[in-house]
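Participant: If you read the sequences in order, they're chains A and B. Using this note's numbering, read the first sequence as starting at 11 and increasing by one per residue. Using this note's numbering, read the second sequence as starting at 11 and increasing by one per residue.
It is worth saying that the hints were derived from the structure and are not from the lab. Any given hint could be a false lead.
Stated by the list, open to error - Computed cross-link-like contacts, DSSO-like style, restricted to lysine-lysine with a CA-CA straight-line distance of at most 27 Å:
1. B:Lys14 to A:Lys14
2. B:Lys45 to A:Lys281
3. B:Lys383 to B:Lys281
4. A:Lys367 to A:Lys383
5. A:Lys367 to A:Lys45
6. B:Lys409 to B:Lys281
7. A:Lys52 to A:Lys281
8. B:Lys52 to A:Lys281
9. B:Lys45 to B:Lys367
10. A:Lys527 to A:Lys409
11. A:Lys52 to B:Lys52
12. A:Lys149 to A:Lys383
13. B:Lys367 to B:Lys52
14. B:Lys527 to B:Lys560
15. B:Lys45 to B:Lys560
16. B:Lys281 to A:Lys52
17. A:Lys281 to A:Lys367
18. A:Lys45 to B:Lys281
What the hints assert, rightly or not - So the derived label-pair ranges between C-beta atoms look like this:
19. A:Ala22 to B:Glu320: 42 to 48 Å
20. A:Thr287 to B:Arg42: 45 to 51 Å
21. B:Thr250 to A:Asp56: 21 to 27 Å
22. A:Gly466 to B:Gly78: 49 to 55 Å
23. A:Ala22 to B:Gly78: 51 to 57 Å
24. A:Asp324 to B:Thr250: 38 to 44 Å
25. A:Thr287 to B:Thr87: 45 to 51 Å
26. A:Asp56 to B:Glu320: 30 to 36 Å
27. A:Gly382 to B:Thr284: 39 to 45 Å
28. A:Trp186 to B:Ser553: 55 to 61 Å
29. B:Thr82 to A:Ala22: 38 to 44 Å
Just so we're clear, the structure is a prediction, and the values are computed from it rather than from any experiment. Each residue gets a CB set at the ideal place from its N, CA and C atoms; glycine is no exception.
Protein chains: 2
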Amino acid sequence: MLNKFCRVPLTACTRTLADVAMGRKPADLVIRGAKLVNVCTKELLDGYDVAVSCGRIAAVGDVSASVGEGTTVIDATGKYLAPAFLDGHIHIESSMLTAREYARAVIPHGTAGIYYDPHEICNVLGLDGVRYMMEDAAKTPLKAMMTTPSCVPAVPGFEDTGAKIDAADVAETMTWDGCVGLGEMMNFPGILASAEPTHEIVAATLAAGKTVTGHFSIPDTGAALNAYIAAGVRCCHESTTEMSALEKMRRGMYAMLREGSAWHDLAEVAKAITRHTVDSRYACLISDDTHPHTLIGAGHLDHIVRRAVEEGIDPVTAIQMVTINVAQCFGMDAELGSVAPSKCADMVLLTDLETCKVDEVFIDGELVARGGKMLVTPAPYRYPDAARNTIHLSPVTEKDLRIPAAGTVHVHVLEVIPGRVGSYDRLTEMTAEGGELRADGEHDILKACVFERHHGTGTVGRGFVKGFGIRHGALAQTVAHDAHNLLVIGSNDADMVLAVNTLIECGGGLVAVRDGKVLGLVPLPIAGLMNDISAEEMDARVSALEDAWKDLGCTLPSPFMTMALIPLACLPEIRLTNRGLVDCRTFRFLPLIEEKP
Amino acid sequence: MLNKFCRVPLTACTRTLADVAMGRKPADLVIRGAKLVNVCTKELLDGYDVAVSCGRIAAVGDVSASVGEGTTVIDATGKYLAPAFLDGHIHIESSMLTAREYARAVIPHGTAGIYYDPHEICNVLGLDGVRYMMEDAAKTPLKAMMTTPSCVPAVPGFEDTGAKIDAADVAETMTWDGCVGLGEMMNFPGILASAEPTHEIVAATLAAGKTVTGHFSIPDTGAALNAYIAAGVRCCHESTTEMSALEKMRRGMYAMLREGSAWHDLAEVAKAITRHTVDSRYACLISDDTHPHTLIGAGHLDHIVRRAVEEGIDPVTAIQMVTINVAQCFGMDAELGSVAPSKCADMVLLTDLETCKVDEVFIDGELVARGGKMLVTPAPYRYPDAARNTIHLSPVTEKDLRIPAAGTVHVHVLEVIPGRVGSYDRLTEMTAEGGELRADGEHDILKACVFERHHGTGTVGRGFVKGFGIRHGALAQTVAHDAHNLLVIGSNDADMVLAVNTLIECGGGLVAVRDGKVLGLVPLPIAGLMNDISAEEMDARVSALEDAWKDLGCTLPSPFMTMALIPLACLPEIRLTNRGLVDCRTFRFLPLIEEKP
Numbered sequence: 011m012l013n014k015f016c017r018v019p020l021t022a023c024t025r026t027l028a029d030v031a032m033g034r035k036p037a038d039l040v041i042r043g044a045k046l047v048n049v050c051t052k053e054l055l056d057g058y059d060v061a062v063s064c065g066r067i068a069a070v071g072d073v074s075a076s077v078g079e080g081t082t083v084i085d086a087t088g089k090y091l092a093p094a095f096l097d098g099h100i101h102i103e104s105s106m107l108t109a110r111e112y113a114r115a116v117i118p119h120g121t122a123g124i125y126y127d128p129h130e131i132c133n134v135l136g137l138d139g140v141r142y143m144m145e146d147a148a149k150t151p152l153k154a155m156m157t158t159p160s161c162v163p164a165v166p167g168f169e170d171t172g173a174k175i176d177a178a179d180v181a182e183t184m185t186w187d188g189c190v191g192l193g194e195m196m197n198f199p200g201i202l203a204s205a206e207p208t209h210e211i212v213a214a215t216l217a218a219g220k221t222v223t224g225h226f227s228i229p230d231t232g233a234a235l236n237a238y239i240a241a242g243v244r245c246c247h248e249s250t251t252e253m254s255a256l257e258k259m260r261r262g263m264y265a266m267l268r269e270g271s272a273w274h275d276l277a278e279v280a281k282a283i284t285r286h287t288v289d290s291r292y293a294c295l296i297s298d299d300t301h302p303h304t305l306i307g308a309g310h311l312d313h314i315v316r317r318a319v320e321e322g323i324d325p326v327t328a329i330q331m332v333t334i335n336v337a338q339c340f341g342m343d344a345e346l347g348s349v350a351p352s353k354c355a356d357m358v359l360l361t362d363l364e365t366c367k368v369d370e371v372f373i374d375g376e377l378v379a380r381g382g383k384m385l386v387t388p389a390p391y392r393y394p395d396a397a398r399n400t401i402h403l404s405p406v407t408e409k410d411l412r413i414p415a416a417g418t419v420h421v422h423v424l425e426v427i428p429g430r431v432g433s434y435d436r437l438t439e440m441t442a443e444g445g446e447l448r449a450d451g452e453h454d455i456l457k458a459c460v461f462e463r464h465h466g467t468g469t470v471g472r473g474f475v476k477g478f479g480i481r482h483g484a485l486a487q488t489v490a491h492d493a494h495n496l497l498v499i500g501s502n503d504a505d506m507v508l509a510v511n512t513l514i515e516c517g518g519g520l521v522a523v524r525d526g527k528v529l530g531l532v533p534l535p536i537a538g539l540m541n542d543i544s545a546e547e548m549d550a551r552v553s554a555l556e557d558a559w560k561d562l563g564c565t566l567p568s569p570f571m572t573m574a575l576i577p578l579a580c581l582p583e584i585r586l587t588n589r590g591l592v593d594c595r596t597f598r599f600l601p602l603i604e605e606k607p
Numbered sequence: 011m012l013n014k015f016c017r018v019p020l021t022a023c024t025r026t027l028a029d030v031a032m033g034r035k036p037a038d039l040v041i042r043g044a045k046l047v048n049v050c051t052k053e054l055l056d057g058y059d060v061a062v063s064c065g066r067i068a069a070v071g072d073v074s075a076s077v078g079e080g081t082t083v084i085d086a087t088g089k090y091l092a093p094a095f096l097d098g099h100i101h102i103e104s105s106m107l108t109a110r111e112y113a114r115a116v117i118p119h120g121t122a123g124i125y126y127d128p129h130e131i132c133n134v135l136g137l138d139g140v141r142y143m144m145e146d147a148a149k150t151p152l153k154a155m156m157t158t159p160s161c162v163p164a165v166p167g168f169e170d171t172g173a174k175i176d177a178a179d180v181a182e183t184m185t186w187d188g189c190v191g192l193g194e195m196m197n198f199p200g201i202l203a204s205a206e207p208t209h210e211i212v213a214a215t216l217a218a219g220k221t222v223t224g225h226f227s228i229p230d231t232g233a234a235l236n237a238y239i240a241a242g243v244r245c246c247h248e249s250t251t252e253m254s255a256l257e258k259m260r261r262g263m264y265a266m267l268r269e270g271s272a273w274h275d276l277a278e279v280a281k282a283i284t285r286h287t288v289d290s291r292y293a294c295l296i297s298d299d300t301h302p303h304t305l306i307g308a309g310h311l312d313h314i315v316r317r318a319v320e321e322g323i324d325p326v327t328a329i330q331m332v333t334i335n336v337a338q339c340f341g342m343d344a345e346l347g348s349v350a351p352s353k354c355a356d357m358v359l360l361t362d363l364e365t366c367k368v369d370e371v372f373i374d375g376e377l378v379a380r381g382g383k384m385l386v387t388p389a390p391y392r393y394p395d396a397a398r399n400t401i402h403l404s405p406v407t408e409k410d411l412r413i414p415a416a417g418t419v420h421v422h423v424l425e426v427i428p429g430r431v432g433s434y435d436r437l438t439e440m441t442a443e444g445g446e447l448r449a450d451g452e453h454d455i456l457k458a459c460v461f462e463r464h465h466g467t468g469t470v471g472r473g474f475v476k477g478f479g480i481r482h483g484a485l486a487q488t489v490a491h492d493a494h495n496l497l498v499i500g501s502n503d504a505d506m507v508l509a510v511n512t513l514i515e516c517g518g519g520l521v522a523v524r525d526g527k528v529l530g531l532v533p534l535p536i537a538g539l540m541n542d543i544s545a546e547e548m549d550a551r552v553s554a555l556e557d558a559w560k561d562l563g564c565t566l567p568s569p570f571m572t573m574a575l576i577p578l579a580c581l582p583e584i585r586l587t588n589r590g591l592v593d594c595r596t597f598r599f600l601p602l603i604e605e606k607p
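The following block holds chain A by itself, in its conformation from the complex (with noise of 0.2 Å):
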């Protein structure tokens, strides 16, 4: 696949690098006296200089030739220059910032680009969506690779969703320069069961020679691992156990270790490398998931780079894992994730190598930050209205609330897990009050509602979560995977109505409410989902909102997070949707109140 995310195409430039590595021309940028971290033949070697002209690398080693008038010199004794980082599986959305904003927050910690999965607009807004995303990016330094989202929505039949996907929408995407590759294959029942439109999808990635991305969750390391790859998925970000680790490296497939914000898998998953004398060119560090909160404090792909080492991982592995093995999985090895010559001049100059402490990030030979900060301000974009307003929703009414009912009945509510994405189904006697069933605070059952807010049809969900250990007050978001409808929950309908009003005005967010008085709010105008402000002005508004959860009385770690996950109709066990109560263990609706309990 031909990169096309480089200043200048190595194409246009070959000429001009052998003038340069030859001494005939001055090169643009020298880097002296720093240690190699050569991912290539993984040695730390001194000697080697770097000469950088038309954004790339034309000479490594003696390149004193290369230096003349114009050449800005710098010396880096005592530090480490290494290839800057590539980030195999992220969503930009889970920052909740706009991929300029994302980009100013993650290039200081010396990432270089990214394989993002837009899925979460996608579901908003479309393709549409996924051009906006993109042209957001292009303004910045950053390279942002794109896999077009393979699964809107995630769950077809059982929610509705912004937009949908299919193989010709797939197949478009293909023909366009920033795409290189689907993203993460998530319906792999559909995959494992020979499902025509799910494969065509994947043949209309393969066909045009980019790279199909997976999504593996379940722990099987036999016929279903060696199905959901013979199918030509190339990578996969799911494993939670060493051995599924290992066992996906060892037939072939790019095991992408994972370590975000809210998923923790490396001190397990680490071990498919440190316990097994293996060759480790099919393993890569990702982040998946990354909050604002640890784009500020912890970092972004150095952070899981001080993570690996860690957990016992040589530091020069490490950032291999970082670096060539991820261009490699894109077959984009011939151009990025190496300091060699003819590849784009994308590097980092560490201050400690075991720590990975980032100190200067050259893009395409440029220095784009250095200390923490950003040294260049990418051009803002402004999404356009389209992308601004997405909640077709009028104000609700406690009316619309409304679950009736008679007597004593057995309701099926959904019961979260602290810290995990799955859920229990919890048939629980409920008795209706008024003719109809509400919240039941001091038991920890709260009502919960999403109401669809793509195209306006009226349908609202209706049911019960528990395990949020809340008992008064109200929460509401339009972060509810994979749909992002308007999602709702609380002890009172008094409160839950203010909730979801308040962020039917502020064009979508994140919102918690008590006795009428609203205690923090994240707004999210972008599709719903994202916000141009800074990461650190993210990273205070959402503190302020995790606060006012504490508050509320909820103990759980990311709370938001396990919120939104509640209409993911692909997690087991129970899930509300805008269509209403779903069982996903046999994939049918199910209704609220069991007649035959």
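Use these hints to put chain B onto chain A, whose structure you have.
Facilitator: Quick look at chain B alone, frame taken from chain A:
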């Protein structure tokens, strides 16, 4: 780049592969009980059986569920199962065999794929010749992946070839399914000098997303090597020292370590791996040029793996160097080079790992060879008449050999060097007899003539050579790099005329003559380079010719190889082409008789 070299495109069989992996359909083939040589993780693994369907691997591990009606089950207990081998750089013509016969010779040695540069036939017949060879190869199970000859002619302006290749030709071939890249860019001076036509040829390849293969035959590891790699060249098979191989790997260039019939580099270049603690992913093992005698006796890549192990490279690492590393060099590792689900079922069973003893060979899941014997018979390919009538030259007479002169003169005599590719320019006093200069067998000076044989221009280059140790007789051949004009050397004009006319009559080849008698003849009627006899027959013919050389008194190793280099004007110090004597140090024509010695 899309792989076109597997029997069934992956896009057409992902559902079937999933069915087989899941046990819903029976596999075509299951191999049980072998120890898996896992090139993805560099491990030897027990308990990894393999199920095959549609010519691809459906499952690896416990594949018992895939055994059903019609499944061929092979018990390979006690053997090693590895990916079949890929040769990253070869010239079929060096074997003097057609592609069919070459394939029949190498497949039983475990070779499933070759990246071949047909630059000999291309010098004679242009892209038509390349197409013929592709058609020939396509009838065999061998995955013959063509790299377009980049340097035809080798040294423009100094000889007449049958054809020329420019950037437009290269661009055309890049649209061919059978083309995977650019053949060895021998014109490294053109790359280093930023010559536009040379860089245009590279750019045409890069623009198609295909691989530029290299030929960097100077020991430089500084500015020149950087310039060459910066220009987009991805691999090189010309390293002859430990450090030149290692420095290429350190710059992300695939070091293709060569062990050909005539060039035995491995003892030295293997040290790049054995003396350094390096990741060897950028190292490959290749053959470049293999004679029928080597193919019959020692083998192909199995022999080179064996040699690598002898040099201290771990066997699994060595096998990586003829499988996955090669596939990664050409960006084809998604489908070739490993035993993993979705990959082409190109596999070998070895009875011994250290000695790389190949028993069964599978290509696209079909058992094609066992115990050193082909089990399938490729359909014959008849090269068209245009390829069989390439000696456009009328019978010659002694007059055509005449070198007029008077008195005693100083002559530039080309002295060959035993076992090396270079030559010396020896200014030698010679005295004319009967108005001409004649060979002087007593003093080891033979007359040499190069007859242009492509276009009937009638040009003849005439001169003298020494170093062959032949006192009486003549030798002629149409294998005469790279233009492959008709070259004759001899002690007397009568034998030389017979040698030339013998080759004209049989359409080209190699011949030895003494006293009006043909002592040995290898007819090469296809382009004057190849014959469609078997490798065994060719070996016998060539052996007989070598005996004739010895009879004539020549003690050089591979004397006809040394002779074949006499016209190759890119080698030092002087060369004789059909246009005359060339000074290869200054790239100027040299008068045979030096006026101012």
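Participant: Against this structure, judge whether each hint is valid.
Facilitator: Okay, the hints, checked on the actual structure:
1. Only pairs whose Cα atoms come within 27 Å are accepted, and lysine 14 of chain B paired with lysine 14 of chain A is accepted, the gap being roughly 24 Å.
2. For the hint pairing lysine 45 of chain B with lysine 281 of chain A, the CA-to-CA distance comes to about 24 Å; that is within 27 Å, so the pair holds.
3. A distance of roughly 34 Å separates the Cα atoms of lysine 383 of chain B and lysine 281 of chain B; the hinted pair therefore is violated under the 27 Å criterion.
4. In summary, the hint linking lysine 367 of chain A to lysine 383 of chain A is supported, as the alpha carbons are separated by about 13 Å, within the 27 Å threshold.
5. The straight-line distance between the Cα atoms of lysine 367 of chain A and lysine 45 of chain A is roughly 14 Å, inside the 27 Å bound, and the hint therefore holds.
6. As the CA atoms of lysine 409 of chain B and lysine 281 of chain B are separated by approximately 54 Å, the hinted pair breaks the 27 Å bound.
7. A distance of roughly 20 Å separates the Cα atoms of lysine 52 of chain A and lysine 281 of chain A; the hinted pair therefore holds under the 27 Å criterion.
8. The straight-line distance between the Cα atoms of lysine 52 of chain B and lysine 281 of chain A is roughly 17 Å, inside the 27 Å bound, and the hint therefore holds.
9. Straight-line distance between C-alpha atoms of lysine 45 of chain B and lysine 367 of chain B comes to about 14 Å, which keeps the hinted pair within the 27 Å bound.
10. Proximity of lysine 527 of chain A to lysine 409 of chain A is assessed by CA-CA distance (about 20 Å); at most 27 Å being required, the pair is judged to hold.
11. For the given pair, lysine 52 of chain A sits about 16 Å from lysine 52 of chain B by alpha-carbon distance, which is consistent with the 27 Å threshold.
12. A C-alpha spacing of about 18 Å is found between lysine 149 of chain A and lysine 383 of chain A, which places the hinted pair at or below 27 Å, so the restraint holds.
13. Taking the CA atoms of lysine 367 of chain B and lysine 52 of chain B, the gap is about 19 Å. The hint holds against a cut of 27 Å.
14. Between the alpha carbons of lysine 527 of chain B and lysine 560 of chain B the distance comes to roughly 16 Å, so the proposed pair stays at or under 27 Å and holds.
15. Restraint check: the Cα-Cα separation between lysine 45 of chain B and lysine 560 of chain B comes to about 48 Å, which exceeds 27 Å; the hinted pair is violated.
16. The straight-line distance between the Cα atoms of lysine 281 of chain B and lysine 52 of chain A is roughly 17 Å, inside the 27 Å bound, and the hint therefore holds.
17. In summary, the hint linking lysine 281 of chain A to lysine 367 of chain A is supported, as the alpha carbons are separated by about 24 Å, within the 27 Å threshold.
18. For the hint linking lysine 45 of chain A to lysine 281 of chain B, the alpha-carbon distance of about 24 Å falls within 27 Å, and the restraint holds.
19. Between alanine 22 of chain A and glutamate 320 of chain B the Cβ separation comes to about 46 Å, which falls inside the hinted range of 42 to 48 Å.
20. Between threonine 287 of chain A and arginine 42 of chain B the Cβ separation comes to about 26 Å, which falls outside the hinted range of 45 to 51 Å.
21. Between threonine 250 of chain B and aspartate 56 of chain A the CB atoms are about 26 Å apart, so this pair conforms to the stated range of 21 to 27 Å.
22. Checked against the hint of 49 to 55 Å, the C-beta distance between glycine 466 of chain A and glycine 78 of chain B comes to roughly 52 Å, which is consistent with it.
23. Checked against the hint of 51 to 57 Å, the C-beta distance between alanine 22 of chain A and glycine 78 of chain B comes to roughly 55 Å, which is consistent with it.
24. Here the CB-CB span from aspartate 324 of chain A to threonine 250 of chain B is close to 32 Å, at odds with the stated 38 to 44 Å.
25. Under the hint 45 to 51 Å, the C-beta atoms of threonine 287 of chain A and threonine 87 of chain B, about 25 Å apart, miss the expected range.
26. In this structure the supplied range 30 to 36 Å holds for aspartate 56 of chain A paired with glutamate 320 of chain B, their Cβ-Cβ distance being about 33 Å.
27. The hint said 39 to 45 Å for the Cβ distance between glycine 382 of chain A and threonine 284 of chain B, and at roughly 43 Å that hint holds.
28. Separated by about 59 Å at the C-beta atoms, tryptophan 186 of chain A and serine 553 of chain B satisfy the suggested range of 55 to 61 Å.
29. The supplied range of 38 to 44 Å is broken by threonine 82 of chain B and alanine 22 of chain A, whose beta-carbon atoms lie about 52 Å from each other.
Violated hints, listed in ascending order, are 3, 6, 15, 20, 24, 25 and 29; each of the other numbered hints is respected by the structure.
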